[in-house]
Amino acid sequence: MRVLLVEDDAVLLNGLQVGLGMAGLTVEAVSNCADAKLALETSAFDAVVLDLMLPDGSGLDILETLRQRQSKVPVLLLTARDSVPDRIAGLDAGADDYLGKPFDLDEVAARLRALTRRAGGHATATLHWRDIVLDPASMNVTRAGEPVRLSRREFSILRALIDRPGQILSRSQLEERLYGWQEEIESNAIEVHIHNLRAKLGPGVVETVRGVGYRIAEASS
Amino acid sequence: MKSIRGRLFMILMITTGVVWMSAIAWIYFSTKAEVERVLDARLTEAARMVSSLITSQEIDTRKAGSPPATITVPHVAYDRQLSCQIWGFDGTLVGRSESAPGQPLTDRKSGFSETSIGGETWRVYAVENPELGIRVLVGDNLRVRDRLVTDVIRGLALPALLILPVLAGLIWLSVRRGLAPLNAMARTLATRRASDLSALPHSDSPSEIKPVIRSLNGLFARVSAAREHERDFTAFAAHELRTPIAGLKTQAQIALGSSDENIRENALRQIVVGVDRTARLVRQLTDLTNAENGEFGHDEGHVDVGAALRELADDIRQQHRNAAPVSISAELAQLKLGVNPSLFMVGARNLLENAILHSPPDKPMRCCLRRGEGDLAVVIEDCGPGIPEDELPKVCDRFFRGRNQTSMGSGLGLAIAELASARMGAVLHLENRAEGGLRAELRFAQAATDQRRVMSTDGDQN
Chain U
1 MRVLLVEDDA
11 VLLNGLQVGL
21 GMAGLTVEAV
31 SNCADAKLAL
41 ETSAFDAVVL
51 DLMLPDGSGL
61 DILETLRQRQ
71 SKVPVLLLTA
81 RDSVPDRIAG
91 LDAGADDYLG
101 KPFDLDEVAA
111 RLRALTRRAG
121 GHATATLHWR
131 DIVLDPASMN
141 VTRAGEPVRL
151 SRREFSILRA
161 LIDRPGQILS
171 RSQLEERLYG
181 WQEEIESNAI
191 EVHIHNLRAK
201 LGPGVVETVR
211 GVGYRIAEAS
221 S
Chain F
1001 MKSIRGRLFM
1011 ILMITTGVVW
1021 MSAIAWIYFS
1031 TKAEVERVLD
1041 ARLTEAARMV
1051 SSLITSQEID
1061 TRKAGSPPAT
1071 ITVPHVAYDR
1081 QLSCQIWGFD
1091 GTLVGRSESA
1101 PGQPLTDRKS
1111 GFSETSIGGE
1121 TWRVYAVENP
1131 ELGIRVLVGD
1141 NLRVRDRLVT
1151 DVIRGLALPA
1161 LLILPVLAGL
1171 IWLSVRRGLA
1181 PLNAMARTLA
1191 TRRASDLSAL
1201 PHSDSPSEIK
1211 PVIRSLNGLF
1221 ARVSAAREHE
1231 RDFTAFAAHE
1241 LRTPIAGLKT
1251 QAQIALGSSD
1261 ENIRENALRQ
1271 IVVGVDRTAR
1281 LVRQLTDLTN
1291 AENGEFGHDE
1301 GHVDVGAALR
1311 ELADDIRQQH
1321 RNAAPVSISA
1331 ELAQLKLGVN
1341 PSLFMVGARN
1351 LLENAILHSP
1361 PDKPMRCCLR
1371 RGEGDLAVVI
1381 EDCGPGIPED
1391 ELPKVCDRFF
1401 RGRNQTSMGS
1411 GLGLAIAELA
1421 SARMGAVLHL
1431 ENRAEGGLRA
1441 ELRFAQAATD
1451 QRRVMSTDGD
1461 QN
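Residue numbers (my numbering), protein chains in the order written: chain U, 1 to 221; chain F, 1001 to 1462.
The shape of chain U in the complex, shown without the other chains:
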């Protein structure tokens, strides 16, 4: 899951980037409005974590631009101003959730999971595909009740595929979801992770669509 983080305090930015990364999220971090708008125009994100007070403007401007473009990406506002009128203004401007500083790192992660779950049309906290159950909060996967131990990257790939069964994700799409901008990606990293996934889950789960990418079959078929 790929999240855009907009925050101007360097210590907090670093903390959220590392902390949400530990929770299995891929975090792109920017620290001003201009960079945030550029990132939102050029890349796809599953969620946006937005600070309201930024050096070159208000986070609400970013939110407004985003909603004007008909983007449905869930937005979580993080701000030191958390009085009721501030919350109302934020939510009415198109935010999906609101957290006052200081907050709990785990709560930010949980709210982001809930937001993306809702955005994906799910209500339950766990994702199901045939006999595979995937729990984004604990990063646990079971097949027919038996736990399957996956690495963070493998889990992210499986999650991306199970989110929309039948839909093909290209290698670059998967890379984008797995790695931040600054991270070095080895050219065959995705292939290695897919290979490991297949070994752990058994055959017939992850399909290769030659020349296009990867998918898992629709649950009903």
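Hints in this document: simulated from the structure, not taken from any laboratory. For clarity, every value in this text was computed on a predicted model and none was experimentally measured. No residue lacks a Cβ here, since even glycine has one placed at the ideal position from N, Cα and C. Please note: incorrect hints may appear among the correct ones.
In silico lysine to aspartate or glutamate, DMTMM-like type, Cα no more than 20 angstroms apart, as pairs [unchecked claim]:
| no. | chain 1 | residue 1 | chain 2 | residue 2 |
| --- | --- | --- | --- | --- |
| 1 | F | K1394 | U | D56 |
| 2 | F | K1249 | U | D35 |
| 3 | F | K1002 | F | E1208 |
| 4 | F | K1109 | F | D1040 |
| 5 | F | K1249 | F | E1265 |
| 6 | F | K1109 | F | E1128 |
| 7 | F | K1363 | F | E1265 |
| 8 | F | K1249 | U | D82 |
| 9 | F | K1249 | U | D104 |
| 10 | F | K1249 | U | D106 |
| 11 | F | K1363 | F | E1391 |
Stretch by stretch, here's where chain F covers chain U in the computed footprint (C-beta under 8 angstroms, at least three residues) [unchecked claim]:
| no. | stretch |
| --- | --- |
| 12 | 4–12 |
| 13 | 18–32 |
| 14 | 90–103 |
Fit chain F to the given chain U structure using the hints.
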């Protein structure tokens, strides 16, 4: 005496008393004079009457020796005021009235005189009748005269003494009633809650209290504005502290939750940075409040600019080990300024800190002196990114953080520098240098600094 009511009461009572006393004294003397005049006239009249009676032979002076028939009338207060003696020129007592003493009432041949006989003072009028060779003396006992005057005064003073307590009561009540608006105002103020700083109504209050109420309302307005300002500032400060605290908490949670040594170490390092930043923010908030409330005092000490800047630079570079070096020009190092040292240190510290935090470690910062037309400026130049032109008018606003902020930036440094400059009568001027970086100037009016310098070098003559 502290109570206005008591004071008014005393003043009114004393003045009334004094007026009464002087009135009584005046009546006493005028009554006495009048009584004397009337009684003297009566004496004269009586003496002449007796003399003329004798002349018309109605009294036979030859029947002298036998005392006149006594008429016994009960003694009333003013009975027998007059005593009469008729003496022959040869010194024989021809006749006398009942109350008259045996010896002559006076030695004077004629006219008024006073004599003391047997402890009593007499006022006597003598008239001579040379035809018959007799002298008529008519006298008044002064004791009687005095009693007359005393009785008049007593008749006036007694009712006054009786009325005095009544008058005191009336004055007391009137004073209390007169001061009622003050009491009403005191009650209104006493029942007010501390948070209520609304103006007191003064449309229907007496004109004497209106100035007090107007001043109070003015004070209320000022206190209210100051409190508003403080509330805003506290809210701002609390709000500004929440972000670094959120950062600290997040990093602490990472340090606690991660088993990866690198991640933990990084988180702890970030915590140190965060704590430094928060500590600086707190110090700046204190500086700002102090500068604003005049805590640094207004005394015009003098500052050895070179030593002050050197000390500040060393102190800041202690905390930022790989910061750029600071050079101070020789001319500036010798400058002494007659300004408040604390304010100068606070202002200069924030400007230096800004310069050091923004400068690349290998590019030195320069502090120098610029003498202009009528002014003199302490200049601090850095080789940092400068301030975007559109942000220049706003950088001195509190909590304004521009695009080129550092991780240590709080948005308060320049606001403090500007406030401190204004407090010591200087102007803070910021501009981007053509060759890159920011130039901050603390401009002092030349005339003022020259005068001050003379004063300080001459050994503080004032």
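Hint check against the structure, violated hint numbers in rising order: As far as the earlier hints go, 2, 7, 11 are violated by this structure, in ascending order.
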